[in-house]
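**Q** Chains as they are written, first to last, in this note's numbering: chain A, 2 to 388; chain H, 2 to 388.
Don't read these hints as lab results, they were simulated from the structure. Mixed in with the good hints there might be a few duds.
Copies of one chain are not kept apart here, so a pair can be met inside one copy or by any two copies together.
Stated by the list, open to error - 27 Å max Cα-Cα, derived DSSO-like pairs, lysine-lysine:
hint	residue 1	residue 2
1	25	12
2	235	126
3	361	70
4	22	172
5	22	377
6	172	25
7	323	33
8	12	113
9	309	155
10	172	58
11	25	126
In case you want the letters, here they are:
Protein chains: 2
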Amino acid sequence: MQNFVFENPTKIIFGKGQIPKIGKETARFGRKALLVYGMSSILKNGIYDQVTDSLKKAGVEFVDFPGVKSNPVLSHVNKGIELARKENVDVILAVGGGSVIDAAKSISAGVKANHDVWDFFTFSKPITGALPVLTVVTISASASEMNAGAVVTKEDGCQKYCIVSPLIQPKVSILDPTVLFSLSPEYSAFSAVDVITHMLEGYFNNTAPASPLQDRLVEALMRTVMESTDIIMKEPDNYDARANMMWSAILGFNGLTTSGMGQVQMPAHMIEHSLSAIYNIAHGAGLSIVLPAWMSYTLDTKTERLAKFAREIFQVKGRGSKQVAEKGIACLKLWFESIGSPVSLKAAKIPESDIDTIAKNAFALSQVWFYEGYSKEVITKILMNAR
Amino acid sequence: MQNFVFENPTKIIFGKGQIPKIGKETARFGRKALLVYGMSSILKNGIYDQVTDSLKKAGVEFVDFPGVKSNPVLSHVNKGIELARKENVDVILAVGGGSVIDAAKSISAGVKANHDVWDFFTFSKPITGALPVLTVVTISASASEMNAGAVVTKEDGCQKYCIVSPLIQPKVSILDPTVLFSLSPEYSAFSAVDVITHMLEGYFNNTAPASPLQDRLVEALMRTVMESTDIIMKEPDNYDARANMMWSAILGFNGLTTSGMGQVQMPAHMIEHSLSAIYNIAHGAGLSIVLPAWMSYTLDTKTERLAKFAREIFQVKGRGSKQVAEKGIACLKLWFESIGSPVSLKAAKIPESDIDTIAKNAFALSQVWFYEGYSKEVITKILMNAR
């Protein structure tokens, strides 16, 4: 185990009927909020009313800032920054999934900056201040509600880049699993893929020797995510399955599973960012295409880890680690397909002839993230595994 | 899964060579610290020098308050409160294990109170303020370095009671696993027992239906604690084993494993408190006596949970849940004995004729903690299982 710092101060309020607590929590951080959300779904399902009633009761003014899209874009974030400044809000409240929360975090940092917010995403400038962010979660996958990261796409150049700072980490997040009852099977599946990929990137791509504890935590969470998702596919309103999934999503990417594991790389995310930036496909759908392809690419270099994964998660038997590893990758693909998430570019209607363009885009991000070993050629090889 | 709030803001700085960071961290909270520690061990092993050099470099004044004993006592806590007031310190720095940290937490709350600090322990008064507490951990078991609890014994009446408040939770804790290299086999064993008991009390005694996720987290941690302790018994300076144990100790009792599990009772701790209060035996030694006895007492009411534990942790095979459960309890006792922790009152030289006195003492605490179902007769039955 390598040295680490673990500090995760987000207050999580979890369970049925908890959303009306958001007003009082928001009031601890300010009197006027920018209310960031996506499309009309929260207006239809009553969450908007629950949140705004609670804000009113707590005496918190708010300004609506709707319109965040899946894979949030820079131009919209800039509009949010402008509105937050104009209205002089002192807190940002995100009501939505990872996209909405990431947009809110980016706005919170941008408001305090005297330069283009994109400078944070290219790591040309450090984040030195941010408005407090609170969240009410409506899609559970990114763990953005309890971590310090945010991802935004700059439309010009299709750059899907990220920022990381404790200053943008939510102060309070409210998670009500019943909110997920109406989440479509597709997005329920994509959420599971995202959560699993967060954990597996850490499991496969770190600079520390394997730790039995951290391995077991990942395996415990992964089993729970798969088991819960299988239930959710049949019973979308199974409270315990949604709750287990919602809490696993957080624990899988809030720093817990990677503590002591040194530097962690996320190559599947890096390559997927190009897919969702260029084709605007769901992040989870892109990950179920890229992750197994990346795993196959590392078959000879990470054989034992892949075999351990196969044995622990899919109970693959056998002595030859390479064969076991291959079976594990096949099992993962089968499971992704069984829940309805694509495992090839073809299944997502992305032509093989685009691989060069995608690889070029992903290589640019590998340079920003300082990922060695991911030349355009390597990325092309990985994508060829995903045809 | 039941509704829950999870908020754990302690900053953990973990790893080799991290102790010299304590000065800078302490300076964030004040200019003058009460330095709480135990006996002379930290003077001998160089930790005292590392800490005080770091404080001096960071410009933090400090006042020594040594002498905390294993099972810290109220009279000593009161002296600490007096000294903290007299010296007008603005931060409390604990350098030690659970006893030292618990004493420091109690002092931090007591300084701000205009009444007897014991009123907090009898729950007659709520904690409404406390000085910030920081810790440098030298024995890893209680998880007090990352939770909101503290336990102190009032000598008059042998009352070993506790307080719980976010106000006393450490702001920063530094954990260097190399510090544990010199921990005796006895105390290494007692630490493991303590960590395991924290988790199993939650696993067996909560008001929520079992959660697959929370069960798996406990099982993952428990396997790691047992595996690490087996290594430590042979190789006391095995860094990874000490590190896995140190991090597991925290994760087993920082709120993670009990989130969503409703109200959790700790009857083994309740009864053990009487053993260490009356006989001043090590807390872990008391727990390895009481926990299996309590498990046997619940054999008919918690059969399936006990059987699950036996199957998951000790791979006990068989169909009859009661037999499986019994074997699981026997395996746990054997394992406690194998690491050198007693599993009977006799082994701790506590005469059977004292059972009545112990039960009376424990029953008094059950009243303070509002534990129904633990009459003096029931406690006597449990203790009879531990003869």
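**Q** If a hint holds in the structure, say so; if it doesn't, say that too.
**A** Here is what the structure says about each hint:
1. 25 / 12: For residue 25 and residue 12, the Cα distance is within 27 Å both inside one copy (13 Å) and across copies (26 Å).
2. 235 / 126: Answer is neither: 47 Å inside a copy and 50 Å across each miss the 27 Å cutoff.
3. 361 / 70: within (25 Å within a copy, 64 Å between copies)
4. 22 / 172: both (14 Å within a copy, 26 Å between copies)
5. 22 / 377: neither (49 Å within a copy, 42 Å between copies)
6. 172 / 25: Both ways: residue 172 and residue 25 sit 13 Å apart in one copy and 24 Å across, limit 27 Å.
7. 323 / 33: neither (58 Å within a copy, 59 Å between copies)
8. 12 / 113: Both. Shortest intra-copy (23 Å) and inter-copy (25 Å) distances satisfy the 27 Å Cα cut-off.
9. 309 / 155: Cα proximity of residue 309 and residue 155: none, with 38 Å in one copy and 51 Å across.
10. 172 / 58: within (20 Å within a copy, 32 Å between copies)
11. 25 / 126: between (34 Å within a copy, 25 Å between copies)
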